[in-house]
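For this one, chain A is given, so just place chain B on it according to the hints.
Sequence order for the protein chains is A and B. So that you can map any letter, position 63 of the first sequence is 63 in the working numbering, and since no number is skipped, the others follow by simple counting. So that you can map any letter, position 275 of the second sequence is 373 in the working numbering, and since no number is skipped, the others follow by simple counting.
Misleading hints may appear alongside valid ones.
[Said to hold, decoys possible] Derived Cβ-Cβ restraints for the label pairs, each shown as a range: (1) D446(B) <-> V68(A): 37 to 43 angstroms; (2) D49(A) <-> G517(B): 44 to 50 angstroms; (3) K368(B) <-> R88(A): 21 to 27 angstroms; (4) S472(B) <-> E85(A): 44 to 50 angstroms; (5) H55(A) <-> K368(B): 39 to 45 angstroms.
Rather than coming from a laboratory, the hints here were simulated on the basis of the structure. All residues carry an ideal CB built from backbone N, CA and C; glycine is no exception.
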Amino acid sequence: MPGITREEVAHLARLARLELKDEELDHFAGQLDDIIGAVAAVSEVADEDVPPTSHPLPLTNVMRPDEVRPSLTADQALSGAPAQEQQRFKVPQILGEE
Amino acid sequence: MADLTRLTAAETAARIAAGDVTAVEVAEAHLARIEAVDEKVHAFLHVDREGALAAARRVDEKRERGEKLGPLAGVPLALKDIFTTEGVPTTVGSKILEGWIPPYDATVTRRLKEADVVILGKTNMDEFAMGSSTENSAYGPTGNPWDLTRIPGGSGGGSSAALASFQAPLAIGTDTGGSIRQPAAVTATVGVKPTYGGVSRYGMVAFSSSLDQGGPCARTVLDAALLHEAIAGHDAMDSTSIDAAVPQVVAAAREGREGGVGGMRVGVVKEFAGEGYQAGVMQRFEESVELLRELGAEIVEISCPSFTKALAAYYLIAPSECSSNLARFDAMRYGLRVGDDGTRSAEDVTALTREAGFGDEVKRRVMLGTYALSSGYYDAYYGSAQKVRTLITRDFERAFESVDVLVSPTTPTTAFPIGERADDPMAMYLADLCTIPSNLAGNAAMSLPCGLAPEDGLPVGLQIIAPAMADDRLYRVGAAVEAAFQARWGHPLLEEAPSL
Numbered sequence: 001m002p003g004i005t006r007e008e009v010a011h012l013a014r015l016a017r018l019e020l021k022d023e024e025l026d027h028f029a030g031q032l033d034d035i036i037g038a039v040a041a042v043s044e045v046a047d048e049d050v051p052p053t054s055h056p057l058p059l060t061n062v063m064r065p066d067e068v069r070p071s072l073t074a075d076q077a078l079s080g081a082p083a084q085e086q087q088r089f090k091v092p093q094i095l096g097e098e
Numbered sequence: 099m100a101d102l103t104r105l106t107a108a109e110t111a112a113r114i115a116a117g118d119v120t121a122v123e124v125a126e127a128h129l130a131r132i133e134a135v136d137e138k139v140h141a142f143l144h145v146d147r148e149g150a151l152a153a154a155r156r157v158d159e160k161r162e163r164g165e166k167l168g169p170l171a172g173v174p175l176a177l178k179d180i181f182t183t184e185g186v187p188t189t190v191g192s193k194i195l196e197g198w199i200p201p202y203d204a205t206v207t208r209r210l211k212e213a214d215v216v217i218l219g220k221t222n223m224d225e226f227a228m229g230s231s232t233e234n235s236a237y238g239p240t241g242n243p244w245d246l247t248r249i250p251g252g253s254g255g256g257s258s259a260a261l262a263s264f265q266a267p268l269a270i271g272t273d274t275g276g277s278i279r280q281p282a283a284v285t286a287t288v289g290v291k292p293t294y295g296g297v298s299r300y301g302m303v304a305f306s307s308s309l310d311q312g313g314p315c316a317r318t319v320l321d322a323a324l325l326h327e328a329i330a331g332h333d334a335m336d337s338t339s340i341d342a343a344v345p346q347v348v349a350a351a352r353e354g355r356e357g358g359v360g361g362m363r364v365g366v367v368k369e370f371a372g373e374g375y376q377a378g379v380m381q382r383f384e385e386s387v388e389l390l391r392e393l394g395a396e397i398v399e400i401s402c403p404s405f406t407k408a409l410a411a412y413y414l415i416a417p418s419e420c421s422s423n424l425a426r427f428d429a430m431r432y433g434l435r436v437g438d439d440g441t442r443s444a445e446d447v448t449a450l451t452r453e454a455g456f457g458d459e460v461k462r463r464v465m466l467g468t469y470a471l472s473s474g475y476y477d478a479y480y481g482s483a484q485k486v487r488t489l490i491t492r493d494f495e496r497a498f499e500s501v502d503v504l505v506s507p508t509t510p511t512t513a514f515p516i517g518e519r520a521d522d523p524m525a526m527y528l529a530d531l532c533t534i535p536s537n538l539a540g541n542a543a544m545s546l547p548c549g550l551a552p553e554d555g556l557p558v559g560l561q562i563i564a565p566a567m568a569d570d571r572l573y574r575v576g577a578a579v580e581a582a583f584q585a586r587w588g589h590p591l592l593e594e595a596p597s598l
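So that you can see chain A by itself, here it is in the shape it has in the complex:
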């Protein structure tokens, strides 16, 4: 499998919303290349007829009774907010100007 380049690390960082510095790109590229080289060993034993396991418990659609019960107040929910206004989370702009 292919190695990982500095440009690919920059792309991954963008996808993962990490504003990496230039020196970090070089540092991580080498390390990620080593790690990916080592973990690629999984493909050696993964035959087509082996089913994948995503979770140790065979659970689907776990439900609990639909009952009203106490929950956090608005003040509690907002207590850790970096910024708030009118009992709402205040966030930077999410759309462009136009």
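Just chain B now, with coordinates in the frame of chain A:
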């Protein structure tokens, strides 16, 4: 009076219940110990002096009123800083949550309070539980009480160090790839990863949801069992919580101490040996196997060929799950926000905040997971890792058809020096070689002390693995081994640790 910090949890609870000592005196003794030694050890990120004394006073009041006390009432505990605590800071060892005060308790926190356990404070950990040394904490490393220049294991190094330095008789950890068992092994303490789903994950900050499992840490097998029963059991707030009776682990620990391994079949995993395993670790492990044979167990060699690929599968599955779990740290609802100067977009603020708030190991794993899940690589990496997970589960199933428990060294080496593997991720990952298969399969496993390695005088851990929902077998075998070793040594291994 005897030093209250040296008692076991069971002894402490018994003395409080008998009125020999008050819960406040016990709490004050531990707070004084923290004051005296934690500057050197750095096990705690936050000490909740007022909260601990208030909880202790409530226990004493209950006793004065003649109310029946639970089996751990008044016993102090060190809580890993990954569990939310209402009104008490929770950082997960990360700058991104510095100063965050959760508005609610994790289920584990709530159950501890309901059991009248006295929570002393929150313990240091690798950031988001990603690491095997506690060096990845944003708040500085923790020292191993056996040698402060060495790592106390990780990610739960604060919890293991607190136990080994007698700052608390009980602690809570979480184990995603070995973060309870490996710290226990390198500090001569006891740590248990319960069956996946045995202890609620509600309010436990998520790293890798299909692997994460909270569990008990203590200095004796019986204390771990008492704590296990206090925190385990079904919780409607965690959809992956098992809705079944908790295994009878306290009874099993008591029976095991009376020599309860006669006739049990114990499997030795052939693949957990060879290159990379320290000679003194293997020597102590082989002595443990011999001890089990002397105690009446039948020893069987077992091969689990897929275990050789467990580390590779883990370092695809755990980063993949963490890359999605950590997406919630977006600087919008809680935690750090950086660069919001009125001109930047929410997306830019998120990226600047995550850059400033996450440490290197978290960034590495988030990017690794992003890579493994991206289109074009998904089948080769994440997909293949999930297949290896199936093969590992099958290896365990085959093994447990012929044995009751499996045993191995907990870690390939004793505690390494702080800094030695800090910038070599692959070397660091090898610390979890023997512990990871149980997380992938979701079964139960324990580490307990089995001696000091002759070459460096540092603790070695024996790992015991049982099938899912057979956690009681860990305690039966563990208590038998513990009793036999202590009879041989004449004292608990921790008595040999240097005084701080």
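Going down the list of hints, with the structure as the test:
no., hint, verdict
1, D446(B) <-> V68(A): 37 to 43 angstroms, "40 angstroms, holds"
2, D49(A) <-> G517(B): 44 to 50 angstroms, "46 angstroms, holds"
3, K368(B) <-> R88(A): 21 to 27 angstroms, "60 angstroms, violated"
4, S472(B) <-> E85(A): 44 to 50 angstroms, "37 angstroms, violated"
5, H55(A) <-> K368(B): 39 to 45 angstroms, "28 angstroms, violated"
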